Amino acid sequence: MAEQVSVFIENKPGRLNAITDVLREHRIDIRAMTIADHRDYGVAKLLVSDPRTAHRALIERGFAAALKPVLAVVIEDRPGGLHELLEILAEHQINVLDAYGFVGEPHRWAVWCMEVVDLAEAVRLVAARGLRVLDGDELYRL
Amino acid sequence: MNVPVWNPAIEFMEREALERVQLAGLRKTVAWALKTPFYRHRLAGIGLKHPEDIVDLRDLRSIPYTTKDDLREAYPSGLLAVEPERTVRLHTSSGTTGTPTVIYHSRQDLDCWTELVARCIVAAGATAHDVFQNMTGYGLFTGGLGLHYGAERVGMLVIPASSGNTSRQLQLMKNFRTTVVHATPSYLLHLHASLAEEGISLDQLGLRKAFIGAEPHSEQTRRKIEDLFRIDAYNSYGLSEMNGPGVAFECVHKTGLHLWEDAFILEIIDPRTLQSLPEGETGEIVMTTLQRQATPLLRYRTRDLSHLVGGNCPCGRTHRRLARIKGRSDDMLIVNGVNVFPSQIEDVLMKVPEVGTNYLIQLEKRGSLDRLVVKAEICAKLFTGDPRTLDDLCERIGELLRSAVLVKPTVELHEPGSLPVSEGKAKRVVDLRPAF
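Same order as they appear, the protein sequences are chains A and B.
Per the numbering used here, residue 829 is the first one in the first sequence, and the count goes up by one each step.
Per the numbering used here, residue 2 is the first one in the second sequence, and the count goes up by one each step.
The hints are simulated quantities; they were obtained by calculation from the structure and are not laboratory data.
Mixed in with the good hints there might be a few duds.
What the hints assert, rightly or not - Derived pair list, reagent style BS3-like, types lysine-lysine, alpha-carbon separation capped at 25 angstroms:
hint, chain 1, residue 1, chain 2, residue 2
1, B, Lys-225, B, Lys-327
2, B, Lys-382, B, Lys-327
3, A, Lys-840, B, Lys-382
4, A, Lys-896, B, Lys-382
5, B, Lys-352, B, Lys-225
6, A, Lys-840, B, Lys-366
7, B, Lys-327, B, Lys-352
8, B, Lys-409, B, Lys-352
9, B, Lys-225, B, Lys-255
Stated by the list, open to error - Quick list of simulated restraints, FRET-style, between CB atoms:
hint, chain 1, residue 1, chain 2, residue 2, range
10, B, Asn-166, A, Asn-923, 50 to 58 angstroms
11, B, Gly-312, A, His-866, 42 to 50 angstroms
12, B, Asp-392, A, Glu-949, 24 to 32 angstroms
13, B, Gly-140, A, Pro-841, 43 to 51 angstroms
14, A, Asp-946, B, Ala-436, 54 to 62 angstroms
15, B, Gly-399, A, Asn-845, 29 to 37 angstroms
16, A, Glu-915, B, Asn-176, 37 to 45 angstroms
17, B, Glu-365, A, Glu-915, 34 to 42 angstroms
18, B, Asp-392, A, Asp-965, 31 to 39 angstroms
19, B, Glu-347, A, Val-924, 37 to 45 angstroms
20, B, Asn-176, A, Asn-845, 33 to 41 angstroms
21, A, Asn-923, B, Gly-399, 25 to 33 angstroms
22, B, Glu-365, A, Asp-963, 46 to 54 angstroms
23, B, Glu-365, A, Arg-936, 35 to 43 angstroms
Computed from a predicted model, the values in this text were never measured in an experiment.
Idealized CB from N, CA, C, for every residue including glycine.
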C-alpha cells in the first residue's frame, strides 16, 4: 500500500520551507502535497518519491512526522472521472476523511489519493470495479 | 461627619483594649490549635503545651510560621480542631502541586466571618437599602458565599448572580436597579465594555458602588472603574485561609484597607530573613486567626506583599490599614481573580503522554480580561499524522487544566524542540499583561 508522510507544523512563517529543505537535501521528489490548517498548527501531507527516507530525515531534523497508508487510485482526467470513483465509495457508505489529487498526463489520467476509515475494504471495492489502485512502488516511480 | 459603622464598640475600640481582645483571642486560638494533630506536634517543638503559657502578644513571635505547604500536609483533617459533627461548612482551594487545602468552619466561625463582612460592607457606605449583585463565583471559591451572607446580614437585597454571563448580569442590574456590585476589577472593566453591545446605557443602571477584589490592581484601575461607571469603588482583601473576603476593606475614605484586628493578628515580615518589618516597609503579610475554632491558623504566611499605612484614618476606626496588595512573594499567578500556580499546570501537562518535555505559560490581556495560554510541545513519537487527534488532544488538555486550575486556558500545540528548553530554572511563565 502507498504511504504518505504527515508532518506536524506550527502555523508560522519559515516552517514549510524547513520541510522542503529536508526533502531537497535528500533529493526527494514531491508528487503532491496538502496542508490541513488548524489555526495555530497544521498537518502537511506529502506524497513523495521516497516516503521512508523522507520520514526518517524529517524526524532526524526534529519534526513530528508519521507514515500513513493512503488509497491512491488512477482515474481518467476528464469530466466525470473523479465522480465515477466517488460513486463507488458512496454506494458502499465509505467515508472519505481527507483527499487530494494530481494530474499524471493532462486530459489522460490523474491520481486521486484518499484517507478512508476502512482502507482494505475500499481497495477491494475500487479494484473490483476495474479501477487501478497504485501500490507504493508504482506511485513513487511515477 | 457621620461615619457609617456596623459595630462601633469594636471598630472604634481603643488600641489598648483591642490588644487585650487580641491576647484573649490568641490564647483561645492556641488552645484550639493544641487540639489538632498538626499544631500539637508543631507547638511541642517549642515547648508550648498550654494556652496560659502565652502571657503577652509578643509571645506570638516564638511560634513558627505556618505555610501553604503545611496546610497541604495536614490535608484533609490534620488542622481540624473541633469534633467533625460541629463543622458546618468547608472551603477547599487548589494547592500548589495538586494537593488541595481545606478550611473548616463551625457555625460560630461562619457567624464571625459574616460579622466581619457586614462591617466591611457598611464601612464602604452601603446600607440595607441597597440592592447588591454578587458577581463572584459561588461554591468552593470563598468570594461568592462570603460576601453573600455578609450582605444579607446587613439587610441588603442580594442577587446571587455568581460570575460570568455578562449579558445576564447587565439585565439583572437593569431590571432590579442594582446599586452595589462585587466583582474583580477586570470583570467590571469587561462589563463596561459590554454595555454598548447589550444596548444598555449607564443611565438605565442605578449603580453607585462596587467592591473590587480577588486580584491585585492599581489606584489607576480603581479610578478608571469609578470614572467609567461614575461610582465609588472600594478595595477588598481576603484569602480563603483567613475565611475569604472580609479580612480587610476600605472605608469611605479609601485610604487603605482596615484589617479587623479583633479577628486577626497582622504581621509584615521580610520574606527572605523572616524578620518583622516596621510600619511602612513592604513585606509579606502574616496573619493569625483569633476567632476561628474549627481551623485555627498561627502566623500563616499569605505570600501577599503589602505594607502598613501609618497614621490615623479620618473615619476614626482604630483597626490599622493595609496598603493595596503589591504582588506575591511566590510564583502564584492570578488569572481573572483565580489563583493559579505554574506547578499545577506542569503537573497536568506531564501526565499527558502526547505532550513533550517543554511548555510555556503565557498570560495576556484580551480586552479587560486575562487570557491564559498554555503552549505545549507535542511528543514526536506519539504523533499519528491525524489532525483530528491533535484537536482532541488540545481539547483534552484544556479540559484537564480547567478542572485542575479552574481557569479555561487556550491550549496551543507546538513542534518538538521549538519552546525554550528547561535548563535549571527555565522561564516557563511569560506575563504579557500590562503592569498594574
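Here is what the structure says about each hint:
Taken as a hint, the Lys-225/B and Lys-327/B pair is honoured in the structure, with Cα atoms around 18 angstroms apart against an allowance of 25 angstroms. Restraint check: the Cα-Cα separation between Lys-382/B and Lys-327/B comes to about 44 angstroms, which exceeds 25 angstroms; the hinted pair is violated. About 22 angstroms separates the Cα atoms of Lys-840/A and Lys-382/B, which keeps this hinted pair within 25 angstroms; it holds. Proposed proximity of Lys-896/A and Lys-382/B is supported: the alpha carbons are some 14 angstroms apart, at most 25 angstroms.
With a C-alpha separation of about 42 angstroms, the suggested pair Lys-352/B and Lys-225/B falls outside the 25 angstroms cut-off, and the hint is violated. Taken as a hint, the Lys-840/A and Lys-366/B pair is honoured in the structure, with Cα atoms around 22 angstroms apart against an allowance of 25 angstroms. The straight-line distance between the Cα atoms of Lys-327/B and Lys-352/B is roughly 34 angstroms, outside the 25 angstroms bound, and the hint therefore fails. Restraint check: the Cα-Cα separation between Lys-409/B and Lys-352/B comes to about 18 angstroms, which is no more than 25 angstroms; the hinted pair holds.
Only pairs whose Cα atoms come within 25 angstroms are accepted, and Lys-225/B paired with Lys-255/B is accepted, the gap being roughly 15 angstroms. Checking the proposed 50 to 58 angstroms range against Asn-166/B and Asn-923/A shows it is violated: the Cβ atoms sit about 38 angstroms from each other. Separated by about 59 angstroms at the C-beta atoms, Gly-312/B and His-866/A break the suggested range of 42 to 50 angstroms. A hinted range of 24 to 32 angstroms for the beta carbons of Asp-392/B and Glu-949/A is consistent with their spacing of about 26 angstroms.
A hinted range of 43 to 51 angstroms for the beta carbons of Gly-140/B and Pro-841/A is consistent with their spacing of about 44 angstroms. At about 57 angstroms, the CB distance of Asp-946/A to Ala-436/B agrees with the hint of 54 to 62 angstroms. Roughly 31 angstroms separates the CB atoms of Gly-399/B and Asn-845/A, a value that falls within the hinted 29 to 37 angstroms. As the Cβ distance of Glu-915/A to Asn-176/B is approximately 59 angstroms, the hint placing it in 37 to 45 angstroms is violated.
Checked against the hint of 34 to 42 angstroms, the C-beta distance between Glu-365/B and Glu-915/A comes to roughly 50 angstroms, which is inconsistent with it. Against the hinted window of 31 to 39 angstroms, the Cβ-Cβ separation of Asp-392/B and Asp-965/A comes to about 34 angstroms, which satisfies the hint. Glu-347/B and Val-924/A have their C-beta atoms about 40 angstroms apart, which keeps the hinted 37 to 45 angstroms range intact. Between Asn-176/B and Asn-845/A the beta carbons are some 58 angstroms apart, a value that contradicts the proposed interval 33 to 41 angstroms.
Between Asn-923/A and Gly-399/B the Cβ separation comes to about 27 angstroms, which falls inside the hinted range of 25 to 33 angstroms. Between Glu-365/B and Asp-963/A the beta carbons are some 50 angstroms apart, a value that agrees with the proposed interval 46 to 54 angstroms. The hint said 35 to 43 angstroms for the Cβ distance between Glu-365/B and Arg-936/A, and at roughly 54 angstroms that hint is violated.
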